[in-house]
Every structure is written in structure tokens, then in C-alpha cells.
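*Asks:* Spelled out from the first residue to the last, the chains are:
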Amino acid sequence: MSAKKTKKTKTAATAPIRKVDLSVKLGPLRLKNPVMTASGTFGTGEEYAEFVDLNSLGAVVTKTVTLEERIGNPPPRTIETPAGLLNAIGLQNVGLRRFLDEKMPFLAGLKAPVIVNIAGNSAEEYARVARELTKAGGIAAIEMNISCPNVKRGGVSIGVDPELAAEATRKCRRATDLPLIVKLTPNVTDMLPIARAVVKAGADILSMVNTFRGMAIDIRLRRPALGNVIGGLSGPAIKPLALHHVYRISSEMRIPIIGMGGIRAAEDAVEFMMAGATAVSVGTANFINPAAAPRVIEGLEGWCRKEGVERLRDIIGAALPKEQK
Amino acid sequence: MKCDNSKKCVDAEVIGRKDYGGGMFSLTLRAREIAGCAAPGQFVTLRGWEGAVPLINRPFSVAGAKGDDLTLLIKVAGVGTELLSRRKRGDRTQLIGPLGNAFPQPCDRPDWLVAGGVGLAPFAFYLERHGAAPGTKLFFGARGSEDLNVLKSIRKKVDFEISTEDGSAGRRGLVTDALRAALRKGKPGRIMACGPWGMMAAVAALAAENGVCCLVSLETYMTCGFGACMGCVIRRAGSQTAYYHVCKDGPVFDATEIDWSGRPT
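As given, the protein sequences belong to chains V and W, one line each in that order.
Each position in the first sequence, counted from 1, maps to that position plus 1 in the working numbering.
Each position in the second sequence, counted from 1, maps to that position plus 71 in the working numbering.
Check each hint, because a few of them may be wrong.
Footprint (simulated), chain V over chain W, 3 or more residues, beta carbon under 8 Å [stated by the list, open to error]:
1. 75 to 84
2. 119 to 127
3. 302 to 309
4. 312 to 325
Just so you know, these hints were derived from the structure itself, not from any lab.
Everything numeric in this text was worked out from a predicted model, so none of it was measured.
Quick reminder that beta carbons are idealized off the backbone N, C-alpha and C, glycines included.
Using the sequences provided together with the hints, build the complete structure.
*Replies:* This is the structure we're talking about:
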């Protein structure tokens with residue numbers, strides 16, 4: 002690789018890098034690398050265990066867990082769009098009790114930090130799930146999904162209102178001493194007031210962004226293609242949109258951010274980090290190649306070597322306006 | 072190759088292709104780890120293009136697996152399969168598998184296999200792996216004679232009956248008409264079906280009327296294929312609110328487990 006070094010990196014790196022440091026400090030969390038899995042695209046990790054070494058990941062983020070079991074939306078639940086995927090799964094999950102009994106033993110055996118994503122019909126329900134998960138142990142952090150576009154109650158209605166978002170965050174904050182992540186929806190005119198409100202209410206970290214609301218029409222049947230009519234768009238198609246939101250929030254406030262939206266390769270992750278994200282999540286790409294997240298990690302290491310970057314964390318916010326760096 | 076029963080995601084080279092007309096073709100891929108483990112009824116997902124359009128891998132029933140090589144039977148139905156139809160010897164693809172469950176082993180009574188078009192795929196593999204016991208019959212349905220070349224993908228000797236919608240070959244009508252007529256004369260141990268939803272729903276109804284066990288291999292919109300996305304749901308019989316996941320609960324189901332009243336896709 003050194004043979005291919007450009008003039009610029011030659012001057013930047015005087016000696017070849019022996020060991021690249023990919024570790025990041027994400028608020029109260031210390032991660033050996035910044036690559037996580039986006040909630041809803043990685044099951045509880047077990048679905049991927051045959052394909053990849055889960056412990057190579059910066060963190061495993063589970064699919065949303067709710068207090069009661071949810072059966073999810075009617076089919077079709079997923080529709081492909083150009084470079085994107087519309088989904089309306091409807092938070093299908095086995096519910097908190099069975100999650101703790103059936104899924105937690107596997108997750109507890111992982112060396113990688115486990116972050117459990119939660120949702121509820123009310124602020125109280127979020128808090129209750131957070132409290133019981135904390136009590137059960139074996140979890141590194143809790144991520145509040147206040148942004149799912151595919152459920153009628155709770156979910157997105159909380160995520161689009163700064164006061165409701167803050168209330169749910171505040172109640173969860175009181176219910177757990179674990180690091181608290183709030184995952185925000187981009188389906189608002191301005192994400193900033195909501196970001197400010199949840200941080201003020203006790204969020205340690207922001208995840209951004211969840212999917213963009215969208216739809217497709219089945220022109221043969223002359224009706225919406227998704228059973229739920231509306232779905233959330235993810236995949237490479239949304240990367241520039243997601244990146245802009247991360248850049249904007251990073252420019253306006255100091256808060257650790259997990260950036261996500263269309264990340265497939267190390268270069269995508271680098272863009273999000275330069276836009277201010279401390280960590281990144283690989284989402285839809287996991288469905289296309291189950292080893293997508295470990296590949297991003299390998300790619301980041303390769304990129305650092307090529308560019309002469311010894312500590313990956315040094316690039317965080319590199320593209321932000323000067324006063325923010 | 073010893074099989075460890077795990078799913079793999081591999082880089083698979085195209086080592087052969089055949090055109091069968093009617094938009095149908097087969098690709099044979101070198102994929103040692105997957106070919107050695109696959110069982111008839113199981114499927115794989117295939118990606119044979121660069122870039123993010125189309126974004127999602129395409130699922131295909133395994134149509135044959137010998138040694139290190141895996142054969143898929145594909146019909147051009149959209150942009151993904153159109154791109155795959157241009158793949159030739161030496162091209163690289165990404166293959167994930169083997170996925171889902173399999174058809175059960177043959178039992179002591181003969182099987183009747185009912186295939187619509189490219190739905191022949193799992194039965195090509197079933198016959199390759201298990202052969203055709205006496206009394207085994209294949210009912211094959213197609214639009215017309217131009218769709219019959221695909222039967223050449225079956226190399227084992229099996230008794231078959233052809234139905235074409237336009238009457239250009241075999242019996243005129245639907246494959247289910249042929250099955251109905253045959254059921255008046257005798258009954259198999261099992262009926263196994265793969266094809267369009269409407270065909271399988273009709274086969275399921277005929278099997279139920281005749282008290283014959285029926286297994287179907289289903290297809291839905293599928294995103295991951297390995298149980299993570301929760302997208303490929305199908306309604307359970309007797310329930311408007313509970314679902315099976317085709318990729319991990321299936322793709323092979325007992326026909327009585329499925330709610331046939333509404334098309335899944």
C-alpha cells in the first residue's frame with residue numbers, strides 16, 4: 002500500500018503506521034471501533050452469528066423491543082426502490098419478557114457491547130422497559146426509538162414533538178443509569194429543537210437518522226405497494242440526506258452522535274465521522290451482505306493506513322465549520 | 072465436502088449457463104461451501120451486478136447441487152433477473168445460502184410434484200437428489216410450448232404430464248386441471264407444489280378435498296433471506312393477525328398452515 006501513497010500522505014505521515022487506533026469514546030461508552038449495527042437491521046445479532054464474528058463489532062444494536070409482543074404490519078412489508086429500501090415492518094418483536102428469556106442469554110454472552118433499542122406507547126412504557134432491561138443486566142446502553150414511522154401509537158408521534166420527546170427521555174433517564182441514546186427521526190422540518198430537547202432531558206448520545214417516510218405504488222394493482230401504505234426509506238439513496246442532518250446538528254451543538262443512513266463502505270463511514278459523528282451504524286447493507294459491518298471496520302483500518310491517520314477519532318468533525326472542530 | 076450446516080456468504084463464479092427460452096435460463100455457480108450443504112427445497116440469494124441498483128439480492132430455489140456446483144433456474148421477471156440473465160461463464164457473483172427449510176425425504180408412497188414454469192426448480196433438485204420412486208409423477212404447467220425446454224433441466228427419468236394454457240403442447244388448460252383429473256383415478260402419498268400463488272392455492276384446495284398431504288414452496292418479497300429483516304411474512308391459516316416468515320419458517324410449508332385467501336404480494 003505504501004507504494005501507492007500519494008504525495009500528500011507522504012508528507013503527512015513520516016513513517017508507516019504500525020497500528021491504527023480505531024477506538025472512540027462515544028459519550029460514556031468506550032468502543033474499540035466506531036462501527037455498530039443499526040437497529041432493525043441486525044435482529045438480535047444471532048441471525049448474523051453464522052456469517053460474522055459479532056465480537057469484531059464496535060457494538061451490537063438490537064431490533065426494537067417493546068413491553069408487549071407486536072405482530073407487525075400486514076405484507077408486503079418491504080419494497081425496493083432505486084438504491085433504497087422501503088420498509089414497514091411495524092416493530093414486530095416478541096415483547097420484553099420473552100426478549101429477556103429467549104434473546105438476552107445469547108446477547109449476554111457477547112464480548113461486544115450490546116445496545117438494546119426500545120419503544121413504547123407512552124413515556125411511562127419507555128421508562129418501564131428501560132428499567133427492566135437495566136435490572137436484567139448485561140447491556141451497555143439503551144437506545145430509545147422515538148422515530149419509527151411505521152407504528153401508529155408512540156413511535157413517531159413522540160419523535161416529532163420536542164416536549165413529548167423530552168418527557169419520554171426524562172422518564173427513561175430516571176429509570177436507568179445506563180448510557181441513554183435517543184434515535185431521532187428526520188421526518189420533521191427541523192431536527193435541532195428536538196435534538197436540543199432530548200439532550201436537555203438527559204440523552205447522552207443521539208442516533209441519527211431513522212428512515213425517511215416514503216411510499217411506492219403498485220401500478221398494476223393501483224394501490225400502495227406496502228401493506229402499511231407508508232414506510233421508511235433506507236439505503237444508499239438517503240445517505241446525502243442523513244449526512245446533512247448529522248452535519249447540521251454537529252455544527253449547532255456538542256453531543257456525541259451515531260451517524261447512519263446508507264453506509265455501505267468505509268468511505269461512507271468516514272464521511273459521517275467528518276460530518277461530526279463519533280460512531281456510525283451500518284443498516285440496510287447488512288441485508289445485502291451479512292458481513293457488511295465487519296467489512297466497514299476492515300475498510301476503515303485500510304483507509305487510515307492509506308491516509309496516514311493513526312487515530313481514527315482525529316477525523317471526527319474534520320469537515321465541520323472551523324469554530325466547531 | 073463435509074457440511075457444517077451453517078449459512079455462508081461466498082463469492083461464486085459462474086461456471087455454466089443454459090438458455091431454455093421463454094425468459095428462462097439456468098446458472099451454475101461454483102460454491103463449494105453452499106453446494107455441499109444444500110437440500111432440495113432450500114434457497115439462496117444471488118447478487119450478480121455492481122453497485123446499489125438494484126439494492127436487494129434476489130432469492131432463488133436451488134435447482135441442483137453436485138459436488139462443488141450449484142444450479143439455479145431463473146426466469147426474467149424484472150431488473151435483477153434481467154441483469155443475472157447477462158451473466159456468463161467466469162463472472163463473479165455473491166451467493167448466500169443455503170437458506171430456509173427443505174422438502175422432507177421421499178416416503179414409502181409416491182410423490183406427485185406440481186410445478187408451474189420456473190417453479191420446477193426445487194423439483195429438479197429433488198429428483199436429482201432422491202430419484203423418482205415408482206409412481207412419482209411430475210405435473211408441469213406452462214403458458215405454451217415455448218416454455219417447455221426447461222424440462223430438459225430434469226435429467227432423471229420421471230413420468231410427467233404437461234399442461235399448457237394455449238394448448239400448444241400436452242393437455243390444454245391449467246396444471247391443476249390435470250391434477251384434478253389424476254386425483255379422480257388415484258392418490259399419491261404426498262403432493263408437493265411450487266409455482267404462482269394462484270396455482271398453489273388451487274393445488275392446496277384440491278389436496279384438502281382429496282385428503283392428501285400437500286407441501287408448498289412459497290415465494291414473497293424477500294429482503295435478507297436469513298431471518299433478520301422480518302419482511303417476508305405470510306398469513307397463517309385461521310388468523311388475520313399472525314404471520315410466518317417465509318425465509319426461516321419456510322419456504323416449504325404444509326399447505327394447511329397457510330391462509331390462501333389473500334395474495335401475499
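*Asks:* All hints, please: hold or fail.
*Replies:* These are the hints, each one checked on the structure:
1. 75 to 84: That given contact holds, which follows from 4 residues of the segment 75 to 84 of chain W lying within Cβ reach (below 8 Å) of chain V.
2. 119 to 127: holds (count 5)
3. 302 to 309: holds (count 5)
4. 312 to 325: holds (count 3)
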